[in-house]
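Participant: Sequence:
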Amino acid sequence: MKNCGFEPDRDTFNTLISAYGRCGSEISASKMHEEMIKAGFSPCITTYNALLNAFARRGDWRASESVVLDLRNKGFKPNETTYCLMIQSYSKGGNIRGIERIAKEIYDGHIFPSWMLLRTLVLANFKCRSLVGMERAFQEFLKNGYKPDLVLFNSMLSIFSRNRMYDRAQDMIHFIRENGLKPDLVTYNSLMDMYARAGDCWKAQEVLNGLLEGNGRPDLVSYNTVIKGFCRQGLMQEAMRTLTEMTSRGIRPCIVTYNTFVAGFSARGFFQEVDEVISYMIEDNCRPNELTYTTIVDGYCKAKKYKDAMEFVSRIKEKDGLYGEESTQRLVSRIRENMES
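At position 200 of the sequence shown the residue is numbered 200 (full-length UniProt numbering), and the sequence of numbers has no breaks.
Certain hints may be false.
Below, computed lysine-lysine pairings styled on BS3-like, alpha-carbon distance capped at 30 Å [stated by the list, open to error]:
hint: 1; residue 1: 127; residue 2: 104
hint: 2; residue 1: 182; residue 2: 147
hint: 3; residue 1: 304; residue 2: 319
hint: 4; residue 1: 182; residue 2: 143
hint: 5; residue 1: 319; residue 2: 307
Derived from the structure by calculation, the hints contain no laboratory data. No experiment lies behind these values; they were computed from the predicted model shown.
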């Protein structure tokens with residue numbers, strides 16, 4: 001730009017800082033900010049928000065707080081974008097206290113509760129799995145007369161499902177329909193998860209069937225959820241049938257799929273089937289992980305088959321040559337601890 005006889009102005013620097021921020025390069029964004037000041041240009045609110053965006057993407061809330069402090073010291077007031085980015089920074093960095101501080105300012109009337117700000121607050125609490133914070137933010141959202149979008153409804157549905165609050169989850173389904181929104185794959189997956197957690201695996205299967213009948217396209221999460229529901233209830237044949245359906249649709253099993261079967265068979269003492277799953281995993285280039293082997297060992301120990309557990313561990317190397325000695329010793333120690341307890 002300079003070679004062509006043009007000199008950068010403040011907008012040029014702001015654009016570059018913003019671009020670096022979107023790329024997740026907070027170091028380059030900070031250096032560009034320093035160059036901007038050296039060039040004689042004073043930062044504006046746009047500059048500070050561009051810097052915040054860079055730090056928010058990394059969850060560096062301490063650096064974000066420093067930016068806001070500098071912003072205030074320079075006589076600027078944080079705006080909606082500033083607060084949204086701070087909330088995102090706290091959320092990404094797992095700082096629930098920071099989110100709560102901004103939420104309190106909103107609820108106390110010190111910060112205007114805009115649609116975007118309250119929406120960001122709901123989703124940040126969801127990311128941090130803060131049920132109380134999420135419910136409060138969602139109620140404030142409704143109280144201010146704002147209409148939730150499907151992303152918010154899906155998030156509420158998901159957190160209620162995780163916390164086994166099935167009546168509240170059903171309320172979200174009614175809300176979705178009342179607001180004329182069309183459920184998407186995330187909605188269906190959350191519903192399946194809710195029923196699977198509640199032990200109603202057939203209802204989860206019904207939701208999956210409804211998705212297929214409506215020309216929807218279930219994904220790996222959809223099938224893993226239904227498989228998990230059947231495995232938890234000991235309906236291993238139904239789980240296998242679902243796996244067959246999944247693979248026939250071109251969806252390849254992952255480590256979660258296999259570990260779910262391992263857990264289901266181990267819990268019921270079907271250790272021959274467990275060995276078959278392990279062999280198939282290795283053939284399918286999906287190596288068992290620490291959880292896989294720990295689950296199997298725990299299954300043997302639960303059945304008080306400690307000798308069989310030791311023999312299984314000694315055979316791991318035969319099937320999985322990449323499994324390390326340190327990991328093997330951890331399994332042996334786990335068996336001995338169970339024997340002594």
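Participant: Could you run down the list of hints and mark each one as holding or not?
Facilitator: Evaluation of the provided hints:
Of the supplied pair hints, the one linking residue 127 and residue 104 holds, its CA atoms being roughly 18 Å apart against a limit of 30 Å. Of the pairs offered as hints, the one joining residue 182 and residue 147 holds, with about 15 Å between alpha carbons and a cut-off of 30 Å not exceeded. In summary, the hint linking residue 304 to residue 319 is supported, as the alpha carbons are separated by about 24 Å, within the 30 Å threshold. Between residue 182 and residue 143 the alpha-carbon distance is near 23 Å, which keeps this suggested pair within the 30 Å criterion.
Between residue 319 and residue 307 the alpha-carbon distance is near 19 Å, which keeps this suggested pair within the 30 Å criterion.
Consistency with the previously given hints is maintained throughout, with no hint failing.
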